[in-house]
Every structure is written in structure tokens, then in C-alpha cells.
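These protein sequence lines map, in sequence, to chains A and B.
Residue 164 in our numbering sits at position 164 of the first sequence; the count goes up by one each step and never skips.
Residue 314 in our numbering sits at position 314 of the second sequence; the count goes up by one each step and never skips.
Just so you know, these hints were derived from the structure itself, not from any lab.
Check the hints yourself; a few may be wrong.
[To be verified] A partial selection of chain B residues facing chain A, derived with a Cβ cut-off under 8 Å: (1) W4; (2) P39; (3) Y40; (4) P42; (5) P155; (6) G156; (7) N180; (8) L185; (9) D205; (10) N207; (11) R249; (12) K250; (13) R271.
[To be verified] Chain A residues, not near chain B, derived (Cβ > 12 Å throughout): (14) V40; (15) K47; (16) A162.
The C-beta atom is built at its ideal place from N, Cα and C for all residues, glycine as well.
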Amino acid sequence: MGRGADDAPLYEPPAAGSYALPALARVHARELVDSTGARVRFPGLAKGQVAVVAFVYGSCHDAAGCPASLAFMRDLDRRLAADPARAKRARLVCVSFDPARDTPAHLAELRGLMAPQSDWSFLVPASQAELAPLLREFGQDVAALADGSLRHVAKIYLVDAALQVRNVYAPGQLDPRLVLADIDTVAPPR
Amino acid sequence: MKRWGFAFRGSRRLAFGIAALCLSLGGSAARADETCLSPYLPKITGQEDYVYVYTLGVPGLGDGNDKLVTLGANPNRPGYGKVVSQASMPGRHEAHHGDFTDDRRYLWLGGLDTSEIFVFDVATAPGKPKLVKRISDFVKKSGGVVGPHTFYPLPGRMLITGLSNAKDGGGRTGMVEYSNDGKFLRTIWMPKEAEYGYDVRVSPDLNRMLTSSFTGKKNYMRPLGDLMGDADAMKKFGNTMVVWDFHARKPLQTLQVPGAPLEIRFALGPRHYYAFTSAALTARLWGIFRKDDGTFEAVDLAPIGDPAKPPLPVDLSLSADDKYLFVDTFVDGTVRVFDVSDPRKPVVVHEQKIGAQLNMVSQSWDGKRVYFSSSLLANWDKGGADNEQFVKAYSWDGKALAPLFAVDFTAEKLGRPHIMRFGQEGFWARASGSSAAE
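Given only the sequences and the hints, what does the whole structure look like? Please build it.
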């Protein structure tokens, strides 16, 4: 995305702080279950931090869905790892919206596959009852289809320390440089 | 069953998978449904089941209200070529354009006269859309933008172009953003050197947004004959397009495109860095091309019909393979199909009269079906026997259009049909009694 046939960038991203990112929604802090089975705070942000949140599930085989989100998050993880100062201001979080089938053990498998190099956690709501309000607050649509798959439009969210959603991204249409610029815009270096 | 099956074959396969995935997602084309929609809308594959038609009410015809009409579009389902359902809004608002939210669950529709916005649920029962929300404070919340025209879904939000303003009813206007649940986010006024607005399109690959320019409410709500006889009013039409940094929503460049450039269509193919528009008053087809230095140029490509007459080009539709550009002209009710394989040398390969007047055109993703509707604006539509109000469906085989079905919106007591959007049963179908979102 954002590159020509010769892999040269097709544009320069706008300078961080040169544009506005008004809040789209406010979410609530809550506890989710991590890949060790422990309940942890989500998004668990300190002052001056942002979270990049992707909703995924283990049985997704839509190339434009969860695989695209995970591929993007992995790219972002590596870019953050290469910039420790910025990495301190950003947390990556993948949240499963299939608590019935994505157990902590399965999250641990995914974590192993992704091999995070920055602050990247893999979480799941403890139950279906805890899932619904979470999806509603983020505006993440999900519907269970007759074949057991979960129809959803893959989205990635930028959340600030005040728990405001500041941007929403479509992972198949996204240049990671823009997300990095947004991180620096919302959580600027001190 | 193994979880994460797409990534569960070892790190080497994962790396390959990610690379392959990135290649497959290289073009925004794969994400769009009927070919002219936002690249952020999920794709309905295969046969559309419904055509949703936003229809302007006519006093004394049926209930006289604006309405969302649903036509059956699948020959293998009941109701093919017929009115399957209709849902009326209260009153007449100059029904014009609208579009889905990025999850295709809701259809937002705007009124150019009252600036009311109506939101329909099209996911719960795709054959029977239901009005679920009404936004009545668009003008106030936006700080005076009037006439919501193009509704353009972005991730998590709706971008809406205006046509006019509350201060003087002229063409100065802006774009307004709402969250998907109807919360006003911000207004972006058009730049001073290019104050008028109309359509908006985004190229995520280029991080660029294009806008075009029409005229203000004092003009578009005025009877066309009166307007054309007022030389001073006729000067108040747009002559510009703006190139924006999409992510920052900042204007970068103003292009001179005289004669009211209207609908914009970006090419869909990977590395096709250009768009088309038509100038309504000069009847010319224009190309907007990205240059090697990253700036854009506007190029006058070809006449549309006989500009001396003039036919008033209105809607465009570009095929998914960037080969055919369907251009409707209102006055002569004709569609001209340009071969735009060489985008700088468009050639008319087919021309066909559809009706006495003609406006919108929408095609299926596979390009095999093309739909047309008749109404432009209540005060600009023709009178008498020429006031044909229809939706007509055709097949297209690359050479000619062959009729499939036609719905007479006057005989059906519906009104003036305008924008069309496709629907499909089963897109959001739930397993019985369950939904992860409930």
C-alpha cells in the first residue's frame, strides 16, 4: 500500500501533529483474558500512550479479514521494535471476538506465531456476555453465519489514554506509516 | 480443527502467506462492490438480489413522500423486476444520493432541500429496509453546510459532501464527517480558491482525495428553464477540482476544470493512478492524472455528445477492469460507452437511448448488468410526456445493452427514482438465534 511498481513511496505521509483526529467514540476500560489465562486490564494504557487494537478470530480464512489484520499488526510490531522511543508510547492488542473457540491456549499459539518484538498482547473476553458490549463500544460488527464462520469487516482502532477512539483503519487499505504518524499525533514524544 | 489455520504452518509459510496476502490486496478494486463505491466497502460477490432506489416523492402520486424502493434484481428469486418493498420517509426532501456505512449494515440517504438524513437498516431484512434513524440537525451541527450530496463510507465513519451553505444559499460549502452511529465529528470547509463542492472519491493507494464542484441551493432548487435564462446565476457554477491529502484532510492542489465537473471515478486497477469526471455545462470528459512528481493534472479528453446542444452529462460508471466508462446524458436520455483502455484516448464504442431523460447508472461488479434511473432534480426533470420516471436494467456483453426489465415509477405511484445501490440476502445472515454482536 502506498508504493509504486519500483517500491518507491507514492506519497509522503503528513507530518505528525499537522492534522486533527477527532474522537469517534469513547470506550470503557475492562478486564480481558490473556494468553496465559490471566485477567488483565484492557487497553491498559498509561498517560501518553495509545493502543492499536485489532479484532480477530482463529477460524477466519477471509484473506481480507483477520489475516490482513494480523499481517498489518505484525508489520507495525516490527516497526515499533525498531524505534524503542516510539514503542514506549504504543501498545498493540489483538482481541478475539470468538471466546467460545479461541481459548488462552489458542491465543498462546498465535502469540508464538507472531513472535512479538514490541508490547503486543493477545486477549479474549471471558464470555459471550462480556464480548457484546465491547464490540458495541468499538462499533465492530460481527455476525455468526450458518456455517459457523463469523462475518465481519476487518477494522483496526487507535485508542488514546482517555479511552477515545481516534481513528479506525481498514487493514487491507492501510499504509503503516500513516498509523505511526497517528501514534505520534495522539501521543507525541515528550 | 486447528486455529489460526492461515498462519499455523510454521514461520516460513507465514512469511510467504503474508507476502502473498499483501500482493492479493495490492489493488483497492477487490474491495469494492458495484464498481463506483468507496474502496472501504465490503464486496458483494456474484448476483445482486435487490436494487435499492432512493426516490423523490411527487405531490399527488401515491403517498407523495420520498421513499426507499426495493426492486427484485435476481432472476432466480421471487419479485424479479418488480417492487419488492417500499419504505417512505415523512415528507419530501429532494431525495438525491446516499450510501452504506462501511459494514454495509445501514444505508444513509440525504435530502438536498431540507438537509435531512435518513438511515435505513438494510442488514436485518435486506428485502425490506427499515428507517431507524433521522438526523435533522446536519446544518446546525456542521456550522452551516447545506445539501448533503455524496455519502462516502470510510472506516468507522461517513464523509458527506455539501452543495451549499445556510448563509447565502450559494455554492460555498464543505464536507462533514459523522461516526457510523450518527455522532457529528467535524466540518472541513472547501478552500477559498475552490469553494464549491459536489462529489468526493478517495484513492487509499495514493493517500489522495478528489472533490468536484457544482452549484448552490439557490440554483439547484430553481426551475431549470428560469435558471438557464438568468445569466448571472449561470455564472455561479463550479470550475474546479481539489486534490487533498486524504489522511490529513488538507487541500494540496486546485485544478481548473471549467463547466461544473460532477461525478468522479478513480480507476480501480493496481497502479492505475487516474480518475475521470465529466463537466456538465461544457459536455466534456476530463481525466485527472497523477504525474511522476506526485502532483495531478486535469486533461480535457473528449466531447460527450454534441457540446453545442448541450446534452448535460450527469452520472458515470467505470467497469471493474477500467475498460468501459458509461456516461449518461440527461437531456437526450442517452448512455455513451467509452472504451477507456487508453485513459488519455477515450473512444465511444456504443451509444444507446435509454429514455426521454436519464441520470444515474450503476453496474454489477462483473460488468454484466447495468441499471439506469431517470430523475435528476425535481425542478430540473422534464415535463409532460418526456417526464418518464423509470429504473431500467440491461445486460452488457461488451458490445451492446439488451433490456432485462423496466419499472415505471409513475405507474407504480412511487415518484422520481434517483440513486441505486445493491443488496443481497445472506450477506449478514445469522445462524438461528445467535450473533456474536448480540
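Checked hints:
| no. | hint | result |
| --- | --- | --- |
| 1 | W4 | holds, 5 Å |
| 2 | P39 | holds, 6 Å |
| 3 | Y40 | holds, 5 Å |
| 4 | P42 | holds, 5 Å |
| 5 | P155 | holds, 4 Å |
| 6 | G156 | holds, 3 Å |
| 7 | N180 | holds, 6 Å |
| 8 | L185 | holds, 5 Å |
| 9 | D205 | holds, 6 Å |
| 10 | N207 | holds, 5 Å |
| 11 | R249 | holds, 7 Å |
| 12 | K250 | holds, 7 Å |
| 13 | R271 | holds, 6 Å |
| 14 | V40 | holds, 20 Å |
| 15 | K47 | holds, 24 Å |
| 16 | A162 | holds, 16 Å |
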